[in-house]
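Colleague: Residue numbers (the UniProt record's numbering), protein chains in the order written: chain V, 1 to 281; chain W, 1 to 327; chain P, 1 to 305; chain D, 1 to 336.
I should point out that these hints are in silico values taken from the structure, not numbers from a laboratory.
C-beta atoms are modelled at their ideal positions from N, C-alpha and C, and glycine is treated no differently.
Each hint should be verified, as a subset may be incorrect.
As the list claims (entries may be wrong) - Partner residues are not named here, just some residues of chain P that face chain D (Cβ under 10 Å, in silico):
1) W268
2) M279
3) I290
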Amino acid sequence: MPEPLLAVRGATKVYGKRQNAVTALRDVDLTIADGAASITTIAGESGSGKTTLADAILGFTGLTSGSITYRGRDLAGLSRRGRLEYRREVQAIFQDPFGVYNPFYRMRHIFDVAVRRFDLAPDKRAAQRLVDEALAVVGLRADEVLDKHPHQLSGGQRQRMMMARAYLLKPRLIVADEPVSMVDASVRAMILDIMLRLRDEHGISFLYITHDLSTAYQIGDDICILYRGEIVERGETRAVIDAPQHEYSKLLIGSIPVPDPEVVWDLDAPVSLTGESARTP
Amino acid sequence: MTGDQNVLRVRDLRVHYGTGRGDIIAVNGVSFDVRAGETLGLVGESGSGKSTTAMALLRLVSPPGRIVGGTVMLHGEDLLAADERTLRRRRWSEVSLIPQGSMNSLNPVLRVGDQIVDVIRTHEGRARGAALTERVTGLLETVGLPPRVMRLYPHELSGGMKQRACIAMAIALSPSLIIADEPTSALDVVVQRVVARTLMEVKDRLNSSMILIGHDMALQAHLVDRIAVMYAGNIVEIGPVAEIFRDPRHPYTRHLIASVPSIHRRKPIVPSELRFPDHGRGTLLSRGRQMSSRRRPVDLYEVSPGHFAARADDETWAVTEEDPTHA
Amino acid sequence: MDPTLTRIAEAEIEAEEAGARPASPWRNRKLVAGAVIVGVILVSTFIGGLVWDTTLARAATSPLNLPPFWVDGGSMDHPLGTENSGRDMLALIVVGSPTTLRVGLIVALISMLVGVVLGFLAGYLGGAVDAVIRILSDTAMTIPTLAIMIVIAAYIPEMNATTMALIIAVFAWAGPTRMIRAQVLSMREQGYVRMARLSAVSDTEIMFREMLPNLLPYLAASFIGGMSGGILAAVGLEALGLGPQRVPTLGMIVSQAIEGSAILRGMWWWWGFPAIILMVIFIGLFLIAIGLDEIANPRLRGART
Amino acid sequence: MRGLTWGYVARRLGMYVFTLWLSATIMFFIPRLSGDPVEGMVARITMQSGHVAGGEELIAAWRERFGLDDPLFVQYLTYLRNMLTFDFGYSLANFPTEVNSLIGRAVPWTLGLLTVATVLSFVLGTVIGALLAWRRTPRLLRVLMPLSLTFTAIPFYILGILLIYLFVFTLRLFPVSGGYRSGLTPDAFDPAFVNSVIQHGTLPALSIVVASMGVWALGMRGMMITVEGEDYLTLANAKGLRPGRILFQYQIRNAMLPQVTALVLGLGGLVGGTVLVEYLFGYPGTGALLYQAITNADFTLIQGIVFILILTTVTAVLIIDLVYPLLDPRITYERR
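Generate the whole structure from the sequences, applying the supplied hints.
Modeller: This is the structure:
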């Protein structure tokens, strides 16, 4: 049996100590196969631990227990060289298409840094060719965007630039942390389309982290539903959404409005699982 | 449309954002009515001017924005022409607001109860302590919050609770019109459904009208009676919600409906952008010529009774794959 | 308000005011006025040192208690008069002004450097390092540091301007540290820092190439704050007679004038000239500080009074 | 329990004790860093005034008095005990007067001046700052007020000199120096004495108020503008509240919070400035006493005064910090 691309085993993350301890992730297992590229969705609401999981995979935060292996090698034991390789092959795009750009620099900066740190090109011209190609994949032209400052671009352009940067590194996996939750509907379609094309034409897998099941339904292959740090249901996306088994999955899916006034949205369905309570000490 | 049924009549409302190089048109001569007891959805993407329109109704446009023209007739009285005192009296008692992002909309140093009491005292004069407490408790109960919330500070509430506290405050004076500016967009889906239910319940109970601003067509489909679609400061289509979804006329409306992903039907993703150069975002009027170079509002034609749309045979409404960039 | 439209409008305003980004700080009138004031003082004392005999700043080189030349009894030999130990006022000022400015510069430089190092350590590393630095800087901020400086200065047998500046600098780091720590803490959460880490950028490079440039307005503000704070503290020590003994500074001249009852003897030129120059320096630095503040917080700029 | 929590109080008290201990320790070690503290001090005075009468005996007396021949940690412990019990010993220059009685006489003056000046400047500055940012402020005020802020840049001490020159020397409106007219007996119920105290205190207080007011005004103005952009202010306007209510309960209450923090951080500077102003005006507070102590090389007196000054400031900061959660209900949640 071939090694999976990425394997998360028994991932547990506890913040704080003793009585203040908050468990963000509990014994999470997750595998992304190495064969054909796929889009795996991690769905959950705020506080479900989905961002913690993304951060752990990206190496921004450590796990309290459990392991993450990339093509059979544990992240914790990677050499300096191994880490650099992992960085290159596992990239990310984020929710906020504004904050990811350093306001001090022009847009070109994020490409320059990537080219330099990963030694992608022998000279400037080669680098420019790579950047041009990456921008073409997301439908942007270098002379329109590179020498602008972040605030001079639209949200859609910024989000696409972020995808171009990820693509530039020719990664195997992109962790997409809520990439469409802060953009307009039209931009959303564009981003989802790029994700599909990267999967189908360039063989890049995605770990798509979202609270929005409907976009997952549109583009996702597998799905894991995360609730209070635990995966409560997993399977093929359409199978899970069409016939959810776990109570929480049912609640979550039942809460999504359908874009059709003829369909009755059951506002009165029970909401027992999310007992809201005042945050008093 | 018969005038008597209308709670609110907006005509040719214009809002500009002033910049050093001239004005940006935020709202370009918008006209619409809100009927008694109905919910009007105002939808559009960011920069479409929907929130600015809502704030202009209350004359709350903050600099660099300013209202440059139009009338906002509330029960036959023009709010834009009203003096400060009258305006202040009409605010909240007649038109209340459920703000966008209630996270920062509550004063962090006042207890939730006191912020509700504030509007009651201001508009109805002094009230007795016990009766007042009972009334506030009742309001909180209406939106499904326990009485103790009254004595809590905003930071002690979760997002959903804060939004419900804002709803309780909005209905405190039984206004005839409630403006809800993306009231659920910051909430998780499950909480969103609960808050949406609360919103509809209180609206029905008061029999007031509501303007529900949003970008989520799916949500609008279930909550509003009529929809007005805004693009670049113009209403490009307006009509009963079922009509609009069944027979959207304007390409932008079609585009908005098409771009909502569904959990029941997997459809191909069509990345597309509309470009409307003449009224595009961030159109600048050059300095000193703001008044003379006003743009004409978009003309609407009647598709069917009560359903109006802008003419879209104009070439500029072509669907392109380009992303609109502001000049 | 519609955030997109507001942003467009703000961007337009910015473009209008500054032409391009990053906004040129020299567009701010207060900043320019302040810089010109401080610059003029620097240049004129420099020129003064070339054209005027600075040895006249030594005691008993001139007649005593002469008024300025335009007052009865004054002479062009000593245009700004002399004081009661036979020192020429113009020479004193020519020698004293740069010394005073030097004290300010040393304090500003040291406090800013220490602030950058400690602020980044605390903000970026967090944990115990942060706790220690935070507690120490909070402590240093709340005690009247002049009091402790007095104790130190009182035990230094021979004070010179540099020593005094160093003593002041020891207590001037807390403000910049606190400010930079707060900025680093908020920057650490910024998307662009995560992005840099994704590009395998090292911690030092993140600190200096990603974060530091965004701190420039704050660093400039802290430098100016350090300068005026340093000169202020120096004037305080000097007022109590704890300043440098051999080289005159502006504060020391004023202090000696007060000691010599210059006010009651009507010798206004003795305390007046150095005091005016001190005030002009402070006002210049103040204007620069306000200007920088407006650059760092564009909202203040929009609401001109 | 909202507002004050025990954890918060305990943390603040911990900081309080730590700050006092640290300052006391610094003051203990500083004189000993450069070798023999007594010789350093005497050398300085010799430099300044050329000669110290009975220098040798003085040094010997000091050594004995402070047990400078004991091991360092014994000295340190003794010192800490003395500080804890406010036992600062005898004044060296005014033997056999106790340091405590000298400070005791001076402290009420300083406290009075400092409190009056701080409260005045803080309140005035905050009000001016609020008015500067308020849309309904008359134009005239908006033009005039920034001018007064220019004084902010000028140190208390220099401003004091200008005030003396103007009001004492030129206009002869106020007495030259001291805390009250000589010949009067301090008696809080004697109108003549009270009147004289006010006359003598006006200029010192004025120089502190005028010079520090602008800081509060600028800070307040900035915060008012920041708060103006907040959503809760928009909502307050939408609620149709009266302008006064919005100004005070919504805008000022929120803008005030950073002001209070600024006050905490600025107190140390105010105390330092007050000391200088007192010295300048010959005010009978700690400032003049401190100057005297420095010129007399009065080791014990300096130590006593400085410790009391630090204690005063740190205590004031503690009090403000304990009141702060009542103003801002969020504060005790910060560390979660």
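Colleague: Does each hint fit the structure? Answer for all of them.
Modeller: How the hints compare with the structure:
Of the supplied interface hints, the one on W268 (chain P) holds, with its beta-carbon coming within about 7 Å of a beta-carbon of chain D, less than 10 Å. Evaluation of the M279 (chain P) hint against chain D yields a held restraint, the C-beta minimum of about 5 Å falling below 10 Å. Look at I290 (chain P): its Cβ gets to within about 7 Å of chain D, closer than 10 Å, so that hint holds up.
Figure legend: structure checked against the earlier numbered hints; every hint is met.
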